[in-house]
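Engineer: Given next are the chains, with one letter for each unit.
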Amino acid sequence: MIWRKILSFLPRKVKIFGKSYTNTLRFKLSSPLSSGFWMLSAVAGAPNKPDYLQTVELVLILVALATLFVPAIIFWYNNQPFHIYIDWDPADPEPIDRRLKDKGLVDSEKGDVSEVDPSAIIRVYIDKSISGYKLKIKSRGSIEAEPVYGPPNSTFNSDTNTLECDEIKDWKFYFPLKIAEHEEYEGGDLERLTEIKDVGQSGRTLLTLEVL
Amino acid sequence: MLVRTERDRPKPSKIVSAIEETLNGGFEIGGSFVPNQQKVWDFIDAANKVIDLKVYTPHGEVKRAEEIASGNVEQFSPKIADIRFDHNGESVEVEYRDNRLSINSDNEELREYVIQIFESTIFDA
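Quick note, the sequences are listed as chains A and B, same order. First residue of the first sequence: 15, per the working numbering; consecutive thereafter. First residue of the second sequence: 180, per the working numbering; consecutive thereafter.
Just so you know, these hints were derived from the structure itself, not from any lab. Bear in mind that the values here come from a model prediction, so they are computed numbers and not experimental data. Some hints could be false.
[Unchecked claim] Quick list of the computed label-pair ranges, beta carbon to beta carbon: (1) B:Lys228 / A:Glu205: 46 to 54 angstroms; (2) B:Asp231 / A:Glu224: 33 to 41 angstroms; (3) A:Ala80 / B:Gln217: 32 to 40 angstroms; (4) A:Lys42 / B:His238: 19 to 27 angstroms.
Where a beta carbon is used, it is the ideal one built from N, C-alpha and C, also for glycine.
Please build the complete structure, drawing on both the sequences and the hints.
Structural biologist: Right under this line is the structure:
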């Protein structure tokens, strides 16, 4: 019974962890570094080797494993629980928007936030162990952002700029997000960010979009 | 009660300021109104004919409804819906686009009819 319970929530949680972790710089650095140590251990493990190289080989194998797993374990402890994972893509993209996405940038539209076309599609994956969520859409600089729709079963509170859902029926959903720059704004702000923060559960910022 | 705006999208702030003008009261409403996606589908479903329908896929592309392989279009986010409403033997074409409404008619009665359907489906609590 308990095993069934563990199995029912484990894959989604592990999946959310995997999606989050594989996007980090430490993952991108640790995998080739670990491969490097692994290859060195093979060199040290050449046939007819002196005895001391056997120890070197073992140490290199351990270093290779540690390089791979230690950053992942630290990431798990620092960022748990992996309740919600958020990902995005540009909405109705031109080729330039895809290139901007590769650099982690999203284009904004000039005008009133209720009038502009959406800039991004936000995808949300939720662990089945939670029953509700509150996601706050925060912007810094001359930027304002709001969803076009509340996704299934949720409501958008425009006073707090929060998407709220008490009873989740879809654990995987998406919504278009409008990002607008105030028309009268002359520029000059250093930070132009739109963030989505999990204010219901962990208090963590789950997505940061750098706005062009 | 009806409120006319340039783009035909009746925002709560505009409705409230119209009420305020009438009642000379002290209402205030912050921010704009974000409807639930299902209510937008309810509005599209209320039309007599769907002429053209485009949706966002989860990866941001815009696809026509006919291109959706599963056929279950209402699982997607609507982008543009060109729809037709029939009322008293007359028809009116309406474009719904990213939460903005354009009614292609000067006939006051038809416009009123569409806006009332829009309000009753989208603002329905």
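Engineer: Take the hints in turn and mark each one as holding or not.
Structural biologist: Here is what the structure says about each hint:
no.: 1; hint: B:Lys228 / A:Glu205: 46 to 54 angstroms; verdict: 48 angstroms, holds
no.: 2; hint: B:Asp231 / A:Glu224: 33 to 41 angstroms; verdict: 35 angstroms, holds
no.: 3; hint: A:Ala80 / B:Gln217: 32 to 40 angstroms; verdict: 49 angstroms, violated
no.: 4; hint: A:Lys42 / B:His238: 19 to 27 angstroms; verdict: 22 angstroms, holds
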